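In order, the protein sequences belong to chains A and B.
Final position of the first sequence in this note's numbering is 1550; the numbers increase by one with none missing.
Final position of the second sequence in this note's numbering is 451; the numbers increase by one with none missing.
Source of the hints: derived by calculation from the structure; they are not laboratory data.
Computed from a predicted model, the values in this text were never measured in an experiment.
Misleading hints may appear alongside valid ones.
Claimed, not checked - Restraint-style ranges between C-beta atoms, simulated for each label pair:
(1) B:Asp379 / A:Gly1416: 48 to 58 Å
(2) A:Lys1408 / B:Asp184: 43 to 53 Å
(3) B:Ala324 / A:Glu1445: 37 to 47 Å
(4) B:Ala217 / A:Ala1515: 14 to 24 Å
(5) A:Asp1534 / B:Gly386: 29 to 39 Å
(6) A:Arg1432 / B:Trp96: 22 to 32 Å
(7) A:Lys1408 / B:Glu244: 42 to 52 Å
Said to hold, decoys possible - A few chain B residues that face chain A, going by a derived Cβ cut-off under 8 Å, partial list only:
(8) Phe190
(9) Arg191
(10) Leu376
Unchecked claim - The following residues of chain A were derived to be distant from chain B, with all beta-carbon distances above 10 Å:
(11) Ala1413
(12) Thr1471
(13) Asp1509
(14) Gly1545
Virtual Cβ for every residue (Gly too), placed ideally from N, Cα, C.
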Amino acid sequence: MANKTRVPAVEGWFTLDDEPRLLGNRCRKCGSYFFPKIASECRNPGCDGTELDEVPLSNRGTIWSYTTNHYAPPPPYVAAEPFAPYSVAAVELSQEKLVVLGQVDAAIDPATLHVGMEVELTLGTLYEDDEQEYVVWKWKGVANRG
Amino acid sequence: MGDHDVAVLGVGMHPWGKWGRNFVEYGLVAARAALQDAGLEWRDVEFVSGADTIRNGYPGFVAGATFAQALGWQGAPVASSYAACASGATALNAARAQILAGLCDVALVVGADTTPKGFLAPTAGERGDDPDWLRFRLLGATNPTYFGLYARRRMELFGATPADFAKVKVKNAAHGLTNPNARYRKAVTEDEIMASPIVSDPLRLLDICATSDGAAAVVLASLDYARRHSLTNPIRVAAVSTVTPSYPNTVIEMPNFATDSAAVAPAPAATFRDSIAQQAYAEAGLGPDDLDLAEVYDLSTALELDWYENIGLCGPGEAEKLVNDGATTIGGRIPVNPSGGLACFGEAVPAQALAQVCEVTWQLRGEAGERQVQDATAGLTINQGLFGHGSSVILVR
């Protein structure tokens, strides 16, 4: 696995550095945030802005809710074999005032998740093939960090 | 009587199940049943409104014409509507608009589906610009994933328990026990529900509705037409709400990755789901206290509890008490899902909102048999289609 190339499972949705960020965009006129990025025109009906800047979103937020899936989803999800349950969290970003979904890092015990818990963005494997490891954003705990 | 009322002359269904046949067959059965119920001939229909299915190829995308052809071309204009789970209400509203505009007197609305087994999956292909495809691909966010998020939030915010959720299923299973159109007609216990496999924690298999084959049809007419045909007191459609959300929509919803941002524009006073019912009440000139029953979209047991609050039966966090007190059981203050709901039917997407209308019509006529809600005079249906489709119908007699 060490010699596999690490590639994003989707282009342009997040950065690949040590402190990864989701990439949204923000209306230059009214300041509204969007994730995933929208192609053109602010979607705030009270704004006629047409120019949007790519912005990294806050890498920390608090859990709005969470769930753990015990059945493998259908394609196009690429389920690991054998299938292992995985958690999905909806996380509130206070600056952007939006809630964004993400899988929860497998290192977190789902039993420790709770609404209001602080989490931080990380990258994790979504699936692999013979040559490449496809990574996606995930939420991890922040409790053990300084 | 409202200025926008139209009459329900007939309703009909094909029983829900996993029959594995072409959806058109089911639609025909439902359409014929609704026409017979209305005492009309197919040739009397002046407008055909189809609710589309996206899982059955081209004929499903042009459902109005598909059903018109199957019934035998007779020249009536058609429309076909797709609004996910709200397709039936959208098709109903298209028919209602034709009647209210004076463009026709009688319209037939039909929705039918044949569904595959298991999770509803996005349509095939590599579609990197389709959020419905991407949420499966990047998150493994099935429909029950979103239901699980809502259920867990009820638990943490309001102290709801899995036993509360199970009570919804026990109630609905009891309601649907003798419904001839229901797929599942079997009583179930809280223990059985809480021993079923976990799907999307905290929801278990018996908390989540199945996918089904089925069809439902409704014949609508102008009140003048109903009078001319000696129907002096027909069931009336008093409101149809097909609203979209107001920006910013701050509740995470299928198939989205994120909510809108409330950083600039403040969140509206009513959530999207609240607004669906509010629009229907406003149009009908009624409120929650005027209802005798409701058919709500119980995709999951916990979601039924959310709907109690969205349609104003109780305040936030009070829904568990309502189901535990038996208020939403037939015989209680405000029976919910007397048909048995999705718990007993499973979801047949384009037919489901119309099935809700069929049930309320039977209830208001006093024809619901053992599941009859006594002296019902007003009922509401509510539902939501992914990608921002409201669906609510208020029927009165």
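These are the hints, each one checked on the structure:
{"no.": "1", "hint": "B:Asp379 / A:Gly1416: 48 to 58 Å", "in the structure": "holds, 52 Å"}
{"no.": "2", "hint": "A:Lys1408 / B:Asp184: 43 to 53 Å", "in the structure": "violated, 28 Å"}
{"no.": "3", "hint": "B:Ala324 / A:Glu1445: 37 to 47 Å", "in the structure": "violated, 26 Å"}
{"no.": "4", "hint": "B:Ala217 / A:Ala1515: 14 to 24 Å", "in the structure": "holds, 19 Å"}
{"no.": "5", "hint": "A:Asp1534 / B:Gly386: 29 to 39 Å", "in the structure": "violated, 60 Å"}
{"no.": "6", "hint": "A:Arg1432 / B:Trp96: 22 to 32 Å", "in the structure": "violated, 57 Å"}
{"no.": "7", "hint": "A:Lys1408 / B:Glu244: 42 to 52 Å", "in the structure": "holds, 48 Å"}
{"no.": "8", "hint": "Phe190", "in the structure": "holds, 5 Å"}
{"no.": "9", "hint": "Arg191", "in the structure": "holds, 4 Å"}
{"no.": "10", "hint": "Leu376", "in the structure": "violated, 22 Å"}
{"no.": "11", "hint": "Ala1413", "in the structure": "violated, 6 Å"}
{"no.": "12", "hint": "Thr1471", "in the structure": "violated, 3 Å"}
{"no.": "13", "hint": "Asp1509", "in the structure": "holds, 14 Å"}
{"no.": "14", "hint": "Gly1545", "in the structure": "holds, 17 Å"}
Hint compliance for this structure: hints 2, 3, 5, 6, 10, 11 and 12 are broken, all remaining hints hold.
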